[in-house]
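Take the sequences, apply the hints, and build the full model.
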Amino acid sequence: MDKIIELKNITKSFDGEVVLDNISLDIYDNEFITLLGPSGCGKTTTLRLIGGFETPDSGDVLFMGQRINDVPPHKRNVNTVFQRYALFPHLNVFENVAFPLRERKVPRDEIEQRVGEMLAMVALKGFEHRAVTSLSGGQQQRVAIARALVGRPRVLLLDEPLAALDLKLRKDMQQELKNIQKATGITFVFVTHDQEEALSMSDTIVVMSEGRIQQIGSSQDVYNEPKNAFVADFIGESNIVDGVMLADKSVSFSGHTFVCVDGGFAPNEPVDVVVRPEDVDIVPEDKGMLRGVVTSVTFMGVHYEVIVDIGGFKWMIQTTDFVDVDEHIGLFIEPDAIHIMKKSQYSGLYGDYASFSNEFDELSDAESEAAE
Amino acid sequence: MTKKSSRSSLVTGLAGGPYELWAVIFILVPLGFVAYYAFTDNNFRFTTANIARFFTDTSAAMGAGGETAMVRTYLVISWRSIKLALISTVVCLLLGYPLAYIISRAGARTQKTMMTLIMIPMWMNFLIRTYAWMTILQDTGILNNFLSALGLGRVHIIGTETAVIIGMVYDYLPYMILPLYSIMAKMDVKLIEAARDLGCAPAGVLRRVILPLSMPGVVNGITMVLIPSISTFYISQKLGDGMFFLLGDAIEGQYVANNLHFAAAIAFILMVALLAAMAVMRRLTDKYTYGGADR
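Protein sequence lines correspond, in order, to chains A and B.
Numbering (the working numbering) for the first sequence: 1 to 372.
Numbering (the working numbering) for the second sequence: 1001 to 1295.
Honestly, I wouldn't trust all of these hints.
[To be verified] Just a few of them, taken from the derived set where beta-carbon distance is under 8 Å, the chain A residues facing chain B:
1. 79
2. 86
3. 100
No wet-lab data here; the hints were simulated from the structure.
Nothing here was measured: the structure is a model prediction, and the numbers come from that model.
Positions of the beta carbon are idealized from the N, C-alpha and C atoms, including for glycine.
Take a look at the structure:
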């Protein structure tokens, strides 16, 4: 695969605040790559650098090997689907989609044909003469996608395009976007703060935090082999505990020595240990590697979410077996369910469910979105 | 109708009462009087003579070659008023549009400061503003002293159409900037970015996005400048040295001369013409605002 876009050592500040701190990233032709992170992590700024709406303070943006730092947006072979669609309210559906073609003075019948194809692709045939202001959110989204693709860009940038849609529609659009990407073969650079969306759509995920890239990898990589506590916590649910690597394939945490599959650490090196909630089995107390008391049980539909107090540290376990609050239980963890990470600046910040509640989680999500 | 809704409509009616009363006393009644006076003679008998006089009165005028000819007085004055008002409106639009755009894209504090600076002259009486322009534009005024100090010689502006236009543009420019600014400040920056993203150079963004989206502001600005400038008076007397008698001056002159019925007739004709012009403008706005779509 060929590199289509390269970001090299890019730094960007706004009003003295560093938004991107020396990031480097290669984007390959034909891939669906997602920039994932909480608000303020620099993902949107990265997208705007590629689109040409920002210029880096230092570092280079390369497009097919050529430096494009100072190339204005209208001369880049890159189009954007904006967060709130940014459709032109004075133009109807057809004219919105035809907008880039008219700018290029494409012949009339070719415009008719290409706009028709695009509208068919996003299932909006027959909507040509409707006012964009009369469309639903999902339909406006489709017009925005058709408008961004009609000019046949090499790269499509998508800035949280699904954030304004309700859950059901969002799921449908995820699948549809994925299909469009496969059908057109255009490189998609997708920005989101929704880890589930990132996992289900992407070939490559770039996890970002505080202006730095934390990890680049496939969905499976970043979920199963998170590089640090931030990634482990941001993607999915994680119990992250302090441990000590006794030797290769042997780690001690929570007062017990476990067999694991990782190695390559110094003897007795302090590490962060990640155990996913769905990888923990509940067993009778006397058969458990760890023992604890259930402090809360929440029914989630497919499973129960159980919070267990183990020596003062609260673990989250997802299980289909019912246990009751105040019950004493044992935990059993398979060697390949244990993932070892080097200590990082994020160690100790995440992975304890002591203050956990679903409402609180949603509340803080809503706040961070509103602040954006 | 249920009891509750009839009561609430009564409350709304009472709450709106003072405003309706105000509108009747200060807008409808005076307009009725204008029409009544326009169509009556000094003994308040119905007549169309005043209206007819507007179209038929003649007077001697000196042509460019020095020859005198008989012209229809009030049609000449009307044409002059319309011409000067149109020129002033176009100048206001050409000056105001870029200014409003620049202000709308500036930082919040700059926007506030700039708008205040634009509003401040409106706090002063327009007679004072007109006198200020006289002292600036006179043959021995500030402008000419400045030019001659620079060794550029003197220009004769006072008493020309240019002077009248300068005065009118100065007076009415804020009325052009305000509606333009208010619509541009509301414009989504993302639309401009989207146009850039889709291949428009800055000139294309202006032509294909900013201009069409600001059309309601353009129409409002034109309305707000054209109407007062077409009926303006005094500016022409002071800055035009009385050479450019306008419709406003004619109405004032007839009124001062106690020809109330003819003054009312001129005002009535002007009003009907302006209402017609406004109706056309509204049609145009409706057509060009979000007009790309069938609804």
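Let's test the interface hint: is any C-beta of chain B closer than 8 Å to that of residue 79 of chain A?
At about 6 Å, which falls below the 8 Å cut-off, the nearest Cβ of chain B leaves the hint on residue 79 of chain A intact, so it holds.
Hint residue 100 of chain A vs chain B: min CB-CB distance below 8 Å?
holds (4 Å)
Satisfaction of the residue 86 of chain A interface hint, Cβ to chain B closer than 8 Å
Holds. Min distance 4 Å.
Consistency note: the structure conflicts with none of the earlier hints.
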